[in-house]
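Let's have the full structure, built from the sequences with the hints guiding it.
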Amino acid sequence: MSTSAPRKMGLTMATMLVAGNMIGTGVFLLPANLATVGSISSFGWMIATAGAIALGLVFARLSQLNPQPGGPYAYARDTFGNYIGFVSNYAYWFGNWIGNVAIALVVTGYLSQLWPWLEGIYPRLGFTLAVIWLLSLANARGARWIGALETGTLLLALVPILGIAIAGWWWFDPDLFRAGWNVSGMSDSAAISRSASIALWAFMGVESAAVSADVIDDPRRNIPLATLFGLALAAVIYVSCSLVIMGMLPMEQLRDSSAPFAEVARLMIGPWGVVVIALCAIFKSVGALGGWMLLVGQSAKAAAEDGLFPRVFCRLNRHGMPGTGLMIVAVLMSGLLLVTSSPTLARQFDQLTNIAVLLTIIPYLFSAGALVATTLERNEQGALRAGCLLIAATAVAYCLYALVGADAQLLAYATVALLFSAALYPFFRQRMHTQGNRD
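Per my numbering, residue 1 is the first one in the sequence shown, and the count goes up by one each step.
What the hints contain is simulated information worked out from the structure, not anything from laboratory work. Careful, some of the hints might be misleading.
What the hints assert, rightly or not - Label pairs and their in silico Cβ distance ranges:
(1) Arg315 x Phe172: 48 to 56 Å
(2) Phe427 x Ala190: 52 to 60 Å
(3) Glu380 x Ala148: 13 to 21 Å
(4) Gly152 x Arg221: 23 to 31 Å
(5) Phe172 x Arg221: 24 to 32 Å
(6) Thr415 x Ser341: 22 to 30 Å
(7) Leu376 x Asp218: 22 to 30 Å
(8) Asp218 x Gln253: 45 to 53 Å
(9) Trp169 x Val276: 17 to 25 Å
(10) Ser341 x Val236: 33 to 41 Å
All C-beta atoms in this analysis are idealised placements derived from N, C-alpha and C, irrespective of residue type, glycine included.
Here it is as structure tokens:
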């Protein structure tokens, strides 16, 4: 019996996948993270935006030259060999499913604005577990369904977000903004570096279209366009919203908030504004979690097909999705949620996002290096050569700058996790040789 091929995403859905993954949860909870540094983080946003643009151009160019499923993993493997490809996928996979736990927490955090009983640690954990499993099961039903979910939830969320970004300036207090300039206890340069590292969470997902090449129509055309269009939309929204909110709420209040947009909406239009913002944040975070689960599944699938990840992750269901792998990730996410439980949601979110960012920087660095190597290998000349080398160098510089600004203890944890990958690689290398592949 013949079956129809799974339907793929076009340019619009791919753009919404990129923008939706980046705008996902950072726009709703990241202002609270940056409030630990202060309004000096506006300079961190400038650095982060420039770095994200460079990363976006890196992925746009690489996907134009050689669109492949797996994105950063595939570029690292083809350029630097199987070991670097394995490390890239290992870091990307771990970083993303860890980050997905943070996204699920945002759903619960904003829902607690409507149902305050969810602020308790046990109700919060129970509801977040339900979110993880429902989205995992939904993701297993196909990529186009996830693309439609991202499109719908992003459009819904843009209405109140843009409303606050534009109208919020009427409530902006310059004195409040200045009073919270640097509350980190660090020097200005260190505070800017820390905020640039935190802000990288906002732009994680710039590679979404490249990773999902296997489920996008005409990838050579649509991936570069979706990457750049999605990045532009996300950058404008992030910077405008974060700056205005830091002039509307005191830093100490913003720092401890589990729903900063809802508090701003209460200030602007009263209690019913909290309901509107909370509902939009919930729907948007659900859409983002669906999109990120897609990336985790596709990256692991590409590596598993090459023998560099357990074979179970490339076992497809009737919808063309790695269903078993998605369920394994759901189990891991559930365990991490319980292990990292904290008295406040904001603290747990901060821990998870910082670890996720540090791990994801590794495949970003490899991708920038891949662009340098590819440009030199193709012997490109003139402006194209100079442009490719410049954006790659900018992307590398930003990633290294973000690492310098990271929390030392979390950086140590991420380093240990990466070193552990070296112990695992020989097992997969031997399996590749057994299957007749060459290293």
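Item to complete: Could you tell me whether the CB distance from Thr415 to Ser341 stays inside 22 to 30 Å?
Response: The hinted range 22 to 30 Å holds for Thr415 and Ser341, with Cβ atoms some 24 Å apart.
Practice prompt. Could you tell me whether the CB distance from Trp169 to Val276 stays inside 17 to 25 Å?
Written response: 19 Å, holds
Worksheet item: Okay, Phe172 versus Arg221 on CB: inside 24 to 32 Å?
Response: 41 Å, violated
Worksheet item: Between Glu380 and Ala148, does the C-beta distance stay in 13 to 21 Å?
Response: With a Cβ separation near 38 Å, Glu380 and Ala148 fall outside 13 to 21 Å, so the hint is violated.
Worksheet item: Is 45 to 53 Å a correct range for the gap between the Cβ atoms of Asp218 and Gln253?
Response: 48 Å, holds
Discussion item. Can you tell me whether the CB distance of Phe427 to Ala190 sits inside 52 to 60 Å?
Written reply: At 41 Å between Cβs, range violated.
Discussion item. 22 to 30 Å was suggested as the range; check whether the CB atoms of Leu376 and Asp218 agree with it.
Written reply: At roughly 28 Å between Cβ atoms, Asp218 and Leu376 fall inside 22 to 30 Å, so the hint holds.
Worksheet item: Taking 33 to 41 Å as the hint, is the beta-carbon distance of Ser341 and Val236 inside that range?
Response: Given about 35 Å between the Cβ atoms, the range holds.
Worksheet entry | Arg221 and Gly152 - C-beta distance against the hinted 23 to 31 Å | 24 Å, holds
Item to complete: Take the C-beta atom of Arg315 and the C-beta atom of Phe172, compute their distance, and say whether it sits inside 48 to 56 Å.
Response: 53 Å, holds
Checked against the numbered hints above, the structure violates hints 2, 3 and 5; every other hint is satisfied.
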